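*Asks:* Each residue of the sequence shown is one higher than the last, beginning at 47 in our numbering.
Just so you know, these hints were derived from the structure itself, not from any lab.
Note that the structure is a prediction, hence the values are computed from the model and not measured.
Where a beta carbon is used, it is the ideal one built from N, C-alpha and C, also for glycine.
Among these hints, one or two may not hold up.
[What the hints assert, rightly or not] Derived DSBU-like pairs: lysine-lysine, alpha-carbon spacing no greater than 30 angstroms straight-line:
no.	residue 1	residue 2
1	Lys316	Lys120
2	Lys121	Lys59
3	Lys316	Lys371
4	Lys371	Lys120
5	Lys120	Lys59
6	Lys120	Lys206
[Stated by the list, open to error] Label pairs and their in silico Cβ distance ranges:
no.	residue 1	residue 2	range
7	Thr255	Leu95	22 to 30 angstroms
8	Asp203	Ile429	40 to 48 angstroms
9	Leu223	Pro200	38 to 46 angstroms
10	Trp252	Asp209	45 to 53 angstroms
11	Pro363	Lys126	39 to 47 angstroms
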Amino acid sequence: MTSSDRSPPSAEKRLLISLHAGFLLIGIITVLLGQVLPVLSERLSLNDLNAGYLFIAQFAGSLTGTLFYNRAIKKFGFLKLLFGGFCLLAFGCIGLNINSLFWLPAAIYVYGVGIGLTIPAINLLVIEINKEKSSSALNTLNFFWGVGAILCKPFVDYFKSPDNILIPTILLCLSFLLIGAGIRFSNYQENFLKKEKFSGAAKPIWITTAAWLIAIFSFIHIGIESSVGGWITTFESRLTQNPEGGWLSAAFIFFFFMVFGRGIAPLFFKSLTENAVLLGNVIIMTAGIILILRAESFLFLNIGAGILGFGTSTVYPTNLSRFTKFFGHQAIHNATPLFVFGSLGGAFTTWLVGFTSTAFDNLRAGFFVVLVSCFLLIILQIILATGRSK
Numbered sequence: 047m048t049s050s051d052r053s054p055p056s057a058e059k060r061l062l063i064s065l066h067a068g069f070l071l072i073g074i075i076t077v078l079l080g081q082v083l084p085v086l087s088e089r090l091s092l093n094d095l096n097a098g099y100l101f102i103a104q105f106a107g108s109l110t111g112t113l114f115y116n117r118a119i120k121k122f123g124f125l126k127l128l129f130g131g132f133c134l135l136a137f138g139c140i141g142l143n144i145n146s147l148f149w150l151p152a153a154i155y156v157y158g159v160g161i162g163l164t165i166p167a168i169n170l171l172v173i174e175i176n177k178e179k180s181s182s183a184l185n186t187l188n189f190f191w192g193v194g195a196i197l198c199k200p201f202v203d204y205f206k207s208p209d210n211i212l213i214p215t216i217l218l219c220l221s222f223l224l225i226g227a228g229i230r231f232s233n234y235q236e237n238f239l240k241k242e243k244f245s246g247a248a249k250p251i252w253i254t255t256a257a258w259l260i261a262i263f264s265f266i267h268i269g270i271e272s273s274v275g276g277w278i279t280t281f282e283s284r285l286t287q288n289p290e291g292g293w294l295s296a297a298f299i300f301f302f303f304m305v306f307g308r309g310i311a312p313l314f315f316k317s318l319t320e321n322a323v324l325l326g327n328v329i330i331m332t333a334g335i336i337l338i339l340r341a342e343s344f345l346f347l348n349i350g351a352g353i354l355g356f357g358t359s360t361v362y363p364t365n366l367s368r369f370t371k372f373f374g375h376q377a378i379h380n381a382t383p384l385f386v387f388g389s390l391g392g393a394f395t396t397w398l399v400g401f402t403s404t405a406f407d408n409l410r411a412g413f414f415v416v417l418v419s420c421f422l423l424i425i426l427q428i429i430l431a432t433g434r435s436k
């Protein structure tokens with residue numbers, strides 16, 4: 047990229063501010079359903095199985111957005127696509143106030159599509175702006191997502207009423223529209239589309255066993271992360287006769303330690319390999335879910351949530367980094383199956399927790415799905431590590 051082609055530094059700086067603010071909002075809406083689920087379930091008289099279909103709607107939308115991302119980015123470019131994606135997030139979010147078993151899942155599906163479009167677009171746009179320091183830039187970006195996930199529960203609790211979430215959803219809707227407009231009308235020049243044309247990675251990827259194992263790893267891990275984030279607030283509300291436990295909730299602690307773990311991850315990578323960190327993480331995750339399953343009090347639930355959140359903190363970015371190291375940096379432009387498997391895992395595991403909970407009339411039984419998933423991750427990580435070392 048020549049100096050004449052490059053956007054002015056001030057335009058890039060303003061755009062980066064909007065992208066990071068937008069990613070914080072995406073962190074909020076990604077986990078929002080789990081935080082408002084008790085209100086929605088009460089309002090529409092949903093059991094855990096039916097509530098699980100709401101998660102299916104979100105992840106089906108996310109999957110749709112991911113599948114159409116490559117086509118949309120080629121046609122519209124980053125700025126127009128992100129504006130459209132943030133509009134979908136805004137309209138879908140406000141639709142959470144609809145009292146209809148048809149239109150409520152439809153609204154959730156709409157903002158799910160927005161999630162599926164905006165997350166890869168923002169990640170790749172940040173890489174384009176920060177080619178020389180892409181790893182550091184992505185860690186910072188995903189830190190903002192985590193901050194949004196942390197803020198979601200106290201934000202909702204502060205603005206909602208016991209049976210109404212209108213105010214927090216209006217605030218989110220307006221914020222999405224504001225950020226989307228800021229991105230759309232920035233002065234950034236989209237040279238990335240002109241020069242690379244999304245040609246994909248030079249190496250064949252999806253004919254290899256390693257690629258599919260990494261995708262399956264993503265399926266299981268995002269399933270764990272999504273199901274815990276989605277169901278732990280409901281789990282906590284059934285642990286006591288007083289579900290309003292304040293801002294220091296299990297969901298808050300789970301996401302706080304997820305962000306904390308990402309913040310200190312560079313310390314571990316100085317002395318440990320990626321495979322060692324990943325194996326340690328999934329073992330820590332297993333310990334956390336065991337504590338949650340045995341919890342009979344807020345104390346043990348919060349300790350388990352913190353351990354599980356810390357364990358899962360660096361798994362997603364490290365698995366993505368492993369993918370690019372296996373197949374080269376340009377492989378990220380041919381990673382659609384990886385993102386698709388992640389969306390499918392989030393939908394399937396979250397639904398399976400609700401299905402199992404309804405079958406056994408006990409949400410604790412549903413969380414055994416998460417425990418089994420953790421054991422599968424340990425086995426899969428050992429296979430990937432030993433296979434790569436040969």
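*Asks:* None of the hints should be skipped; say for each whether it holds.
*Replies:* We went through each hint and held it up to the structure:
no., hint, result
1, Lys316 with Lys120, "violated (38 angstroms)"
2, Lys121 with Lys59, "holds (25 angstroms)"
3, Lys316 with Lys371, "holds (17 angstroms)"
4, Lys371 with Lys120, "holds (25 angstroms)"
5, Lys120 with Lys59, "holds (24 angstroms)"
6, Lys120 with Lys206, "violated (40 angstroms)"
7, Thr255 with Leu95: 22 to 30 angstroms, "violated (35 angstroms)"
8, Asp203 with Ile429: 40 to 48 angstroms, "holds (42 angstroms)"
9, Leu223 with Pro200: 38 to 46 angstroms, "violated (23 angstroms)"
10, Trp252 with Asp209: 45 to 53 angstroms, "holds (48 angstroms)"
11, Pro363 with Lys126: 39 to 47 angstroms, "violated (27 angstroms)"
In the structure shown, a violation is registered for the earlier hints numbered 1, 6, 7, 9, 11, in ascending order.
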